[in-house]
Structure formats: C-alpha cells, structure tokens
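Colleague: If you read the sequences in order, they're chains A and B.
If you're matching positions, the first sequence starts at 1 in the working numbering and goes up one per residue.
If you're matching positions, the second sequence starts at 1 in the working numbering and goes up one per residue.
Mixed in with the good hints, there may be bad ones.
[As the list claims (entries may be wrong)] Some chain B residues flagged as far from chain A (calculated, every beta-carbon gap over 12 Å): (1) TYR219; (2) VAL243; (3) LEU249.
[As the list claims (entries may be wrong)] Here chain B is said to cover these stretches of chain A; the calculated rule only asks that three of the stretch's residues, wherever they fall, bring their Cβ under 8 Å from a Cβ of chain B: (4) 65-71; (5) 135-147; (6) 152-164; (7) 227-241.
[Unchecked claim] Just so you have them, the derived chain B footprint on chain A, three or more residues with Cβ under 8 Å: (8) 78-85; (9) 110-120; (10) 210-218.
In short, the hints are calculated from the structure, not lab data.
Where is the CB? At the ideal position from N, CA and C, for every residue including glycine.
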Amino acid sequence: MTRSRVSLLAPVALLLFAFPPPASAMHISEGILPAPWAALWFVLSVPFLIWGLHDLRVRSEREPMFKSLVGLVGAAVFVISCMPIPVPTAGTCSHPCATGMAAILIGPALTVVITSIALLLQALFLAHGGLTTLGADIVSMGVAGAFAGYGVFRLATTLGVSRWPAAFLAGLLSDWATYAITSFELASALHGNASLGQTFLAIAVAFCPTQIPLGILEGIVTAAACRFIEKRRPGLIASLNQPHGGVA
Amino acid sequence: MFSLFSDFFACRDNRFSRIDPRVKLVVATTAIICVILSTSVALPVAVFLLSVVTTLALRIPVRLVALRLAAPLGIVAVLALLQSFTSGSTPLWSVPLGAWTLTATREGVHAAALTASRVCGAVSVVLLLSLVTPAHRIFHALRWFHVPQGWVEIAMLMYRYTFTLLDLTADLTAAQQLRMGYAGAGRALSSMGAVCGTVIIRSVDQAIRTHEAMVLRGYRQQIPFGPMPPLVAQDCCVTGLAVVALLLLYAAVGRAA
C-alpha cells in the first residue's frame with residue numbers, strides 16, 4: 001500500500017461517512033460477488049447448515065413438536081428482523097439482524113438454518129441479498145452473528161451477569177460481527193489492485209455511521225425483549241434452549 | 001412490508017406462472033450465473049432490460065418493481081464510489097474535497113459499471129422469478145432438487161406464519177402508538193422490546209397449536225410433499241432453448257474483448 005493509495009482511501013471513506021448507506025445494504029446483493037468467491041462462501045456455509053439440520057433432526061426425535069417450534073420462532077425472528085429502527089446518525093430507518101436473539105432462543109446451529117431460510121425469502125421477495133450470495137450472507141449473518149451473539153451470552157451468564165445485560169451484549173456483538181464479516185467478504189472479492197486491508201477499512205468506515213448505532217439499538221431491543229419474556233413467561237428462554245427442546 | 005413480501009402477484013394466472021417451477025429455477029440460475037461470469041456490461045444490461053420489460057408486461061405495478069430494486073442499490077452506490085476512486089491508474093476526472101483531491105480512474109469506473117450492471121441484471125432475474133412463482137411451488141421444486149426435508153419444512157412453516165405474525169406486529173405497534181408508546185427514544189425502545197417479546201411468546205403458543213392441528217391431520221414428523229408432475233416435453237424444450245440461448249448470449253457478448 002503506497003502513501004498515495006492511503007491518501008486516496010481516506011477522502012472516499014469520509015465521503016461515504018457523510019452519506020451513510022442503509023443497513024439493508026449489509027446483505028450482499030445478487031451479482032456483487034464474482035463466481036469463485038460466491039462458491040467459496042457457499043462451501044464454507046455448508047458444514048454449519050449440516051450441523052444445524054442434524055441438531056434439528058436429533059431434537060425433533062426427542063420432542064415431536066420441535067420442528068413447529070423452530071418454524072414459528074424462526075418466523076417471529078424474521079418478522080422482528082423486518083421491524084424498522086430509526087438510526088439517528090443515518091437519518092433513516094434500518095432493521096436489526098435479530099440473529100443474536102435467535103441464538104439465545106434456539107441455539108447458534110439452528111439459527112444458521114433459520115437465517116438461511118430468512119435470507120432466501122428476503123432474496124426472493126425483498127431483493128435483499130441474493131441467490132448466488134446466499135453462502136456469503138449465511139456466513140456473515142448466520143454463522144458470525146449467531147455464534148458471536150450466543151458465545152458472548154453464554155460467557156456473560158457463566159460469569160454471573162444477569163440475563164438481560166447478557167442479551168444486550170449478544171444483540172450488540174451479533175450485529176457488529178455480521179457487519180465486520182460482510183465488510184471482509186466485500187473487500188476480499190472487490191479490492192482489485194488496492195490492498196485488502198485498506199479496502200476492508202474503507203468499507204467498514206463507510207458502514208460505521210449506520211451499523212455502530214444500529215448495533216447498540218439492537219442490543220437494547222434484544223435486552224428489552226428478553227426482559228419482557230422473563231417477566232411474562234419465566235423460564236421460557238431457558239427451556240427453549242435445552243437440548244431436548246421442550247417448552248415451559 | 002406485507003404487500004412487498006406477499007406472493008400475491010405470483011398466484012395470478014399468466015403465461016409465465018404456468019411454467020413448471022423447476023424449469024424457472026434452472027433458467028433463472030443459469031441466467032444469474034451467466035450475468036455474474038460476464039466481464040462485459042452488455043450481457044447484464046440485456047438481461048436486466050429483458051427481465052424488467054417482461055415484469056412490466058405482466059402488469060406488475062411499477063412501484064413494487066421500483067421498491068424491490070431500490071434495496072440493492074444502496075450497496076451498489078457505496079461500491080461504485082469505492083471502485084471508481086480507489087482502483088486503476090488512468091485518471092478520468094478529479095473532484096476537490098477539502099485538503100484532498102479525489103481522482104476517478106478509467107479502470108475503476110469500468111469495474112464500478114460492471115459491478116452495478118451485474119447487480120441490476122441478477123436482481124431483476126430473481127425479481128421476475130419471485131413474481132411468477134408462488135413460494136410454496138418454489139419450496140416444492142427445491143424438495144424435488146433434493147434440498148433436505150427438514151430445511152424445506154421449516155421454510156414452509158416460516159413463510160406461512162410470517163404473515164400472521166406481521167399482522168400481529170402491526171396491531172401491537174398501532175395499539176402502542178395510540179397509547180403514546182413511541183413518544184421519546186427510551187419509550188420507543190421499550191415498546192419495541194415489548195412487541196418483540198410478545199411476538200416470540202405468541203409464536204411459541206402458536207407452535208403448540210399448529211403441531212396439535214398437524215397431528216390431528218395425520219402429521220408424523222414429516223410434511224408429505226407428494227410427487228411433482230412429470231416434466232413434459234414442452235418443459236424440457238423450454239429449459240433447453242432458454243439455457244442454450246443464454247449460453248450463446250454469454251459467448252457472444254458476455255466476454256469483453
């Protein structure tokens with residue numbers, strides 16, 4: 001990376017910072033990734049999907065209504081992910097990823113499965129994301145978002161943090177993890193003759209004004225939702241996430 | 001959101017909706033692959049124009065088409081700016097920006113135009129596919145292509161109950177708005193949390209009712225999909241002709257000189 005290239009990237013990033021794109025742009029659109037990159041991300045997403053489907057089969061054998069439960073909770077999470085959140089810095093409404101919330105409810109492996117379905121539906125009916133970019137979107141939203149959210153939730157609750165601050169951290173980090181991995185996916189495919197690191201930085205900076213506040217807002221909404229469920233239906237979250245998949 | 005997400009138009013009877021969904025999936029996938037492999041803007045632009053003209057000829061409202069196409073354009077704008085100004089070496093024009101001068105390059109602008117045309121071409125194909133094929137037929141075709149049973153079952157349940165839960169969310173939000181639930185940022189976030197929590201609790205209750213109803217109708221841990229009608233000669237001809245036409249188009253104009 002030459003000095004002139006760095007000095008070129010700075011004003012472009014600033015320009016994009018001044019006119020932030022919508023958060024729906026964090027789904028990689030159809031046609032953006034070149035074919036080899038689209039194939040690579042798809043291959044990387046397959047083991048996680050197999051893991052999720054195996055988890056579904058095992059838990060369905062133990063609890064017959066588990067498939068209905070996953071389908072309905074998946075629909076609920078999908079609806080929540082469509083809810084508009086006003087982002088003050090962007091001056092527009094964006095929508096949460098909701099993968100942190102899904103991971104808290106049904107675990108990260110099943111979250112990958114419902115995320116893949118949600119992404120397919122969004123690609124087909126909302127033109128958010130795409131069919132060839134499905135693998136990349138599953139890796140960023142499903143895998144990175146779900147595992148980051150679930151990991152921090154489990155770590156925080158193990159360390160004695162109460163459930164709703166842990167849910168806040170899960171919502172926050174799942175959103176930011178998704179955003180970081182999407183930026184990396186875009187940079188790795190499109191950096192051309194610029195350096196990968198600088199292109200990643202420029203894309204990441206471009207999305208900062210939307211994603212940083214959106215992550216915080218998603219954390220607050222996730223915490224508020226978990227707190228509400230704990231008040232109205234104590235034990236529901238814990239029972240949903242048990243290996244036998246029962247309902248309190 | 002309801003009208004944007006609904007497959008209402010896909011359920012209308014027309015020449016395209018009558019085509020077998022497996023044929024449409026194969027042709028759409030081939031078209032998208034040709035578009036993303038294309039190194040010239042001509043093929044993606046041709047596919048985009050063909051798809052949009054077909055969509056409008058099917059009397060799909062322009063507003064719906066514009067709304068669905070608007071979503072991917074955000075990321076295209078960002079990437080076009082980045083590619084125009086950060087890659088390539090042959091200067092085209094400069095824009096002074098404070099202490100810096102931004103210089104767009106010929107190679108960068110070409111890369112940005114190619115990316116934008118690929119996005120428009122590929123998105124328009126998916127748009128056309130979704131506007132002439134109902135969701136349940138897509139899922140049925142995916143099962144025929146051996147997509148795992150569990151995945152397709154969850155997808156069908158999710159799609160079916162998304163509309164019920166969207167209605168519930170709209171009712172709850174309207175009720176909260178009437179009671180000043182969104183007066184101020186703190187209150188708005190608390191109200192949103194309450195809506196999310198209620199939607200999740202209702203979804204769990206609905207899952208119990210749905211499972212009981214499915215068991216009463218003979219559900220035994222698998223939704224029976226039944227066989228799809230056999231592909232007739234006309235379907236095979238349409239698939240073959242469309243795929244060959246796309247490959248010829250790709251060979252003719254898809255590769256830059």
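Colleague: Quick check: do three or more residues in the stretch 78-85 of chain A have a beta carbon closer than 8 Å to a beta carbon of chain B?
Modeller: holds (count 6)
Colleague: If we take the beta carbon of TYR219(B), is the closest beta carbon in chain A still more than 12 Å away?
Modeller: Given that some Cβ of chain A is not farther than 12 Å from that of TYR219(B), nearest at about 9 Å, it is violated.
Colleague: Is the coverage entry for the stretch 65-71 of chain A by chain B consistent with the three-residue Cβ rule at 8 Å?
Modeller: Three-residue rule met by the stretch 65-71 of chain A, so holds; n is 6.
Colleague: When you look at the beta carbon of LEU249(B), is every beta carbon of chain A farther off than 12 Å?
Modeller: Non-interface label stands for LEU249(B): nearest chain A Cβ at 16 Å, farther than 12 Å.
Colleague: For the stretch 110-120 of chain A, does the count of residues with a C-beta closer than 8 Å to a C-beta of chain B reach 3?
Modeller: With 6 residues in contact (Cβ-Cβ under 8 Å with chain B), the coverage given for the stretch 110-120 of chain A holds.
Colleague: Within the stretch 152-164 of chain A, is the number of residues with a Cβ closer than 8 Å to a Cβ of chain B three or more?
Modeller: As far as the stretch 152-164 of chain A goes, the hint is violated, because 0 residues have Cβ atoms under 8 Å from chain B.
Colleague: Check whether three or more residues of the stretch 227-241 of chain A sit with their beta carbon closer than 8 Å to a beta carbon of chain B.
Modeller: holds (count 7)
Colleague: Verify the coverage statement for the stretch 210-218 of chain A against chain B, using a C-beta to C-beta distance below 8 Å and requiring 3 or more qualifying residues.
Modeller: violated (count 1)
Colleague: Would you say VAL243(B) is clear of chain A, with no C-beta pair closer than or equal to 12 Å?
Modeller: holds, 16 Å
Colleague: The stretch 135-147 of chain A covered by chain B? Criterion: 3 or more residues, Cβ-Cβ distance below 8 Å.
Modeller: violated (count 0)
Hint violations for this structure: numbers 1, 5, 6, 10, all remaining hints satisfied.
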